[in-house]
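Q: Sequences and hints are given; from them, build the entire structure.
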Amino acid sequence: MRVAVTALLISVALSGASVASADAAPTPEQTVAKIIGSPAFKTAVQTLADQHDRTVADIISLTEIPAPPFKEAERGKALLARWQAAGLTDVQMDAEGNVTGVRPGTRTKGKGPFVVLAAHQDTVFPEGTNVKVRREGTKLMAPGIGDDTRSLAVLLAYMRALDAARIRTKADVLFVANVGEEGPGDLRGVRYLFNKSAYKGRISAFFSMDSYDPAGITDRRIIDAGQR
Numbered sequence: 039m040r041v042a043v044t045a046l047l048i049s050v051a052l053s054g055a056s057v058a059s060a061d062a063a064p065t066p067e068q069t070v071a072k073i074i075g076s077p078a079f080k081t082a083v084q085t086l087a088d089q090h091d092r093t094v095a096d097i098i099s100l101t102e103i104p105a106p107p108f109k110e111a112e113r114g115k116a117l118l119a120r121w122q123a124a125g126l127t128d129v130q131m132d133a134e135g136n137v138t139g140v141r142p143g144t145r146t147k148g149k150g151p152f153v154v155l156a157a158h159q160d161t162v163f164p165e166g167t168n169v170k171v172r173r174e175g176t177k178l179m180a181p182g183i184g185d186d187t188r189s190l191a192v193l194l195a196y197m198r199a200l201d202a203a204r205i206r207t208k209a210d211v212l213f214v215a216n217v218g219e220e221g222p223g224d225l226r227g228v229r230y231l232f233n234k235s236a237y238k239g240r241i242s243a244f245f246s247m248d249s250y251d252p253a254g255i256t257d258r259r260i261i262d263a264g265q266r
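So for the sequence shown, this note's numbering puts the first residue at 39; every next one is plus one.
Worth flagging that the hints you see were computed from the coordinates, not collected in a lab.
Please note that a few of the clues may not be correct.
Unchecked claim - Calculated lysine-lysine pairs in the DSS-like style (CA-CA distance at most 25 Å, straight line):
no., residue 1, residue 2
1, LYS80, LYS170
2, LYS115, LYS234
3, LYS147, LYS72
4, LYS238, LYS115
5, LYS109, LYS72
6, LYS147, LYS238
7, LYS208, LYS72
8, LYS147, LYS109
9, LYS80, LYS149
10, LYS109, LYS149
A: Put into structure tokens, the structure is as follows:
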């Protein structure tokens, strides 16, 4: 929950949400304080908490769809259907296998530039691995559940929380479930997104969900790799 709220805060701030001040040049600290204190953000956080069981169900169902390197298609199809049901626009699977969908902003209205919220579909585990989820107390255990299937479910939770809170970002938000993040994939999905996709040259910020710990937040690594 702490990780999800931290990431939601960062993504909302990056997107220039309407809950932030429209006055000239607020400091980053002022922007964050404004967002955290807003009724809309509090509603979004409460929605994440209230829909915990639904998010857990998403984690389990997505984890149990195998997504070994270069064979993410079935998981991608499941995400495509869920993102369409969540009300995103321009939902599609691109030629590389990335699933993308847009939550239009009030200022740019789906035309970009885009703030990307991403999580990767693939796991490191080879084809044939048993991906059945088992419970150990309050823990869910399965190959690939933490890296990075959990984050795919969190992206779905974000969509619901933003809608429940009626948060309208100024910038367009592009949700991405990218393929080929793990070793043999060599970031092929992100490379395609930046260099060949319909969004080439139209991405202003990129936020990747791939960590349990907010202390692990870093910058530039994926973007640099995608553009080299």
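Q: Tell me if the straight-line CA distance from LYS147 to LYS72 falls inside 25 Å.
A: Distance of about 24 Å is within 25 Å: holds.
Q: Would the hint linking LYS238 and LYS115 be met if the CA-CA limit is 25 Å?
A: Roughly 23 Å separates the two Cα atoms, so the pair holds.
Q: Sort out whether LYS170 lies within 25 Å of LYS80, counting only the CA atoms.
A: Outside the cut-off at roughly 35 Å; violated.
Q: Check the hint pairing LYS80 with LYS149 against an upper bound of 25 Å on the C-alpha distance.
A: violated (29 Å)
Q: Quickly compare the C-alpha distance for LYS109 and LYS72 to 25 Å and report which way the hint goes.
A: At roughly 43 Å apart (the allowed maximum being 25 Å), LYS72 and LYS109 break the hint.
Q: Under the criterion that the straight-line Cα-Cα distance not exceed 25 Å, is the pair LYS115, LYS234 satisfied?
A: holds (21 Å)
Q: Given the proposed pairing of LYS147 with LYS238, does the C-alpha separation stay at or below 25 Å?
A: Distance ~18 Å between LYS147 and LYS238 Cα, so the pair holds.
Q: For a C-alpha distance cap of 25 Å, please report whether LYS147 and LYS109 respect it.
A: Given pair LYS147, LYS109 is violated - Cα atoms ~34 Å apart, limit 25 Å.
Q: Given the hinted pair LYS109 and LYS149, is their Cα-Cα distance within 25 Å?
A: violated (31 Å)
Q: Between LYS208 and LYS72, is the straight-line Cα distance small enough, at 25 Å or below?
A: holds (15 Å)
In summary, the structure is inconsistent with hints 1, 5, 8, 9, 10 from the numbered list given earlier, while agreeing with the others.
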